[in-house]
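Novice: Each chain is listed here by its residues.
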Amino acid sequence: MLTYIAQQMVNGFVLGSMYALLALGMTVVYGILRLVNFAHGGLVTIGAFIFFYALSVLKINFALTLVLAVLSGACLGFLLDFVAYRKLRGGPEVALLITSLGVYIFIENITKLLASPQPYAFRPPPLFLQRFTFKGIIFSNTDIFIVIAAVVIMVTFAVFVKRTKLGIAMRATAERIETARLMGINTNKVIVTAFVLGSAIATITGFMWGAKYGQISYDMGFMAGVKAFVATVIGGVGSIPGAMVGGFLLGFAEILLVGALPAGFAEYRDAFVFTILLIVLLLRPTGLMGRKEAL
Amino acid sequence: MSLLKVNNLHVAYGKIPAVTDLSFAVNDGQIVALVGANGAGKSTVLKTIVGVVKPISGSIFFSGTDITSWSADRRVRAGIVLVPEGRQIFTTLSVYENLLVGAYHRRDEQLRHDFEWVYTLFPVLKERAHQTAGTLSGGEQQMLALGRALMARPKLLLLDEPSLGLAPLVVREIYQMITNICKTGITVLLVEQNINIIIHLVDYVYVMQTGELKLHGTPQEVFTGEDIKRAYLGG
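Protein chains in written order, with the numbering used here: chain A, 1 to 295; chain B, 1001 to 1235.
Read the hints as simulated data drawn from the structure, not as lab findings. Note that the coordinates shown come from a computational prediction; the quantities given were computed from them, not determined experimentally. Glycine included, C-beta positions come from ideal geometry on N, C-alpha and C. There could be a bad hint or two in this list.
Quick list of the computed label-pair ranges, beta carbon to beta carbon [as the list claims (entries may be wrong)]: (1) 4/A with 1130/B: 31 to 39 Å; (2) 88/A with 1172/B: 42 to 50 Å; (3) 1131/B with 156/A: 22 to 30 Å; (4) 188/A with 1016/B: 27 to 35 Å; (5) 188/A with 1135/B: 26 to 34 Å; (6) 223/A with 1130/B: 40 to 48 Å; (7) 79/A with 1199/B: 39 to 47 Å; (8) 1010/B with 165/A: 58 to 66 Å; (9) 165/A with 1063/B: 26 to 34 Å; (10) 1210/B with 97/A: 24 to 32 Å; (11) 160/A with 1135/B: 44 to 52 Å; (12) 1135/B with 67/A: 53 to 61 Å.
Capping the alpha-carbon separation at 20 Å, the derived lysine to aspartate or glutamate pairs in EDC-like fashion look like this [unchecked claim]: (13) 1015/B with 1028/B; (14) 1126/B with 1114/B; (15) 165/A with 1114/B; (16) 1155/B with 1127/B; (17) 165/A with 1066/B; (18) 165/A with 1108/B.
Pulled from the structure, derived: some chain A residues nowhere near chain B, Cβ distances all over 10 Å [to be verified]: (19) 2; (20) 54; (21) 119; (22) 134; (23) 175; (24) 182; (25) 183.
Could you build the full structure based on these sequences and the hints that come with them?
Specialist: Right, here's the structure in full:
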């Protein structure tokens, strides 16, 4: 029984790391533009397919693939902002939101067209599939990779935002974009940076998602985007620590609910996720670590 | 010599005119005030000078250069810095980070020296350097807003109602600091509703009413007639 609980905790931690990373990527953009970027899920899909083609079709080694994927994610983030969002700066926020949905639908369909409507089996390098047993708890190198990569990325990001000049400019822009501009901050550069970082993170989560579930498909990004959104709402929309906490909580909650309930309920795990979302919205609409918006 | 020269400025928000055919100048080293009742267009003038609001027509010259087409961040780099209405400090950043953001565009070696300079002007900011700016009192926040602007090494400092929402004693303190700042060679253009505070401090006054320039002169010339006060300054 103890082993079973420990196993669930490990599973929750792994899933939580992935959700936290998803939420982080989404919240970076939200913090600055007040945009719930549904296109983020689309970038997760693209990331997963980049890894798939590079690893399984082109047979490029993992380290190089990782670099390539992160770079293309960064470029896509830049392109996304340039093509879709830049013209809407200063316009109503709802225009941005609808555009991001449009971008997601575009990405989903272009993936369906270029790849196929069928899911693909996703095979990470053999090393990732190696399994370990520690006092009866089973985990694989994929799990270790997800946790370590997520923690490294989150810590790096936290240091970047806290300590670097661009990071401070980012926080200033997130609070008052107009005033930031008055201080001589090139806010366009800050916005582009947010998209580039968010999208680079999204491609890595694409790999994690594929490696964890063993298959990828053109529409996988939808659920990824929704989970990211739910995690940010739980943690407090726009708060970076909140996104991480929200991600971990969501991961744990999902695993524990599925683990604790009778077998037949497992397929309803996403329904539980939305129930959690509704409860949080009812009891604490600003999320666990969110602040009220300043007027 | 005039540091700032505004010629035939027209500004509108959509179809609603905010500033009509406004021309004025600010001389080097002076404190100049822009006064007028609510909605006279004073803040709009400041925002147009710093470049966050684009004029329909007219031109703005700074140190003899036409800057009308310059972006806001380029104007900051040239030395035009605004302390916005309501202070607008970054409440989630620390006091130190706020000052750092003020100096964002700078790459020079003087930065450390200027931190010391601002800390000498406002010792309270040094005490609270690592506190979140949102925890400061109103007066301290106004000092931070001033300090943040000074970190940009301005040649022309624009102040939008620095007395807003502050206790009379604090207002006096703030204005004392503004006069001191001006003595270091920084030219000041300020917007103020409460003319009694500034009457003895400023060198020149422009009076605006519904977007137009109505009067200008030294404070003694402008503020003597009671009818003028009633007509343009709301009592």
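Novice: Next, verify each hint and record whether it holds.
Specialist: Consistency of the hints with the structure:
For the hinted restraint 31 to 39 Å between residue 4/A and residue 1130/B, the CB-CB distance of approximately 47 Å leaves it violated. With their beta carbons about 46 Å apart, residue 88/A and residue 1172/B fall inside the hinted range of 42 to 50 Å. For the pair residue 1131/B and residue 156/A, the beta carbons lie near 26 Å from each other, so the given range of 22 to 30 Å is met. Between residue 188/A and residue 1016/B the CB atoms are about 28 Å apart, so this pair conforms to the stated range of 27 to 35 Å.
Roughly 31 Å separates the CB atoms of residue 188/A and residue 1135/B, a value that falls within the hinted 26 to 34 Å. For the hinted restraint 40 to 48 Å between residue 223/A and residue 1130/B, the CB-CB distance of approximately 42 Å keeps it satisfied. Judged by the Cβ atoms, the range 39 to 47 Å given for residue 79/A and residue 1199/B is violated: they are separated by roughly 57 Å. Evaluation of the 58 to 66 Å hint for residue 1010/B and residue 165/A yields a failure: the beta carbon distance comes to about 38 Å.
Residue 165/A and residue 1063/B have their C-beta atoms about 28 Å apart, which keeps the hinted 26 to 34 Å range intact. Taken as a hint, the range 24 to 32 Å is violated for the pair residue 1210/B and residue 97/A, whose Cβ atoms sit roughly 38 Å apart. A C-beta distance of roughly 25 Å is found between residue 160/A and residue 1135/B, which places it outside the suggested range of 44 to 52 Å. Our hint of 53 to 61 Å for residue 1135/B and residue 67/A is violated, since their Cβ atoms are close to 43 Å apart.
Annotation: proposed proximity of residue 1015/B to residue 1028/B is violated, straight-line Cα distance about 35 Å (limit 20 Å). Taken as a hint, the residue 1126/B and residue 1114/B pair is honoured in the structure, with Cα atoms around 12 Å apart against an allowance of 20 Å. A C-alpha spacing of about 17 Å is found between residue 165/A and residue 1114/B, which places the hinted pair at or below 20 Å, so the restraint holds. With a C-alpha separation of about 27 Å, the suggested pairing of residue 1155/B with residue 1127/B is violated against the 20 Å cut-off.
For the hint pairing residue 165/A with residue 1066/B, the CA-to-CA distance comes to about 31 Å; that exceeds 20 Å, so the pair is violated. With a CA separation close to 14 Å, the supplied pair residue 165/A and residue 1108/B stays within the 20 Å bound. The Cβ of residue 2/A sits about 43 Å from the closest Cβ of chain B, beyond the 10 Å cut-off, so the non-interface label holds. With 10 Å as the threshold on Cβ separation, the claim that residue 54/A sits away from chain B holds: the shortest Cβ distance comes to roughly 39 Å.
Interface exclusion of residue 119/A from chain B stands, the closest Cβ pair being 43 Å apart, more than 10 Å. With a cut of 10 Å on Cβ distances, residue 134/A stays outside the contact zone with chain B, its closest approach being about 42 Å. Against the 10 Å criterion, residue 175/A falls within the reach of chain B, whose nearest CB is about 5 Å from its own CB. At roughly 6 Å, the least C-beta separation between residue 182/A and chain B is not larger than 10 Å, which violates its mark as non-interface.
The claim that residue 183/A is not at the interface with chain B is violated, since a C-beta of that chain comes within 10 Å of its own (minimum 5 Å).
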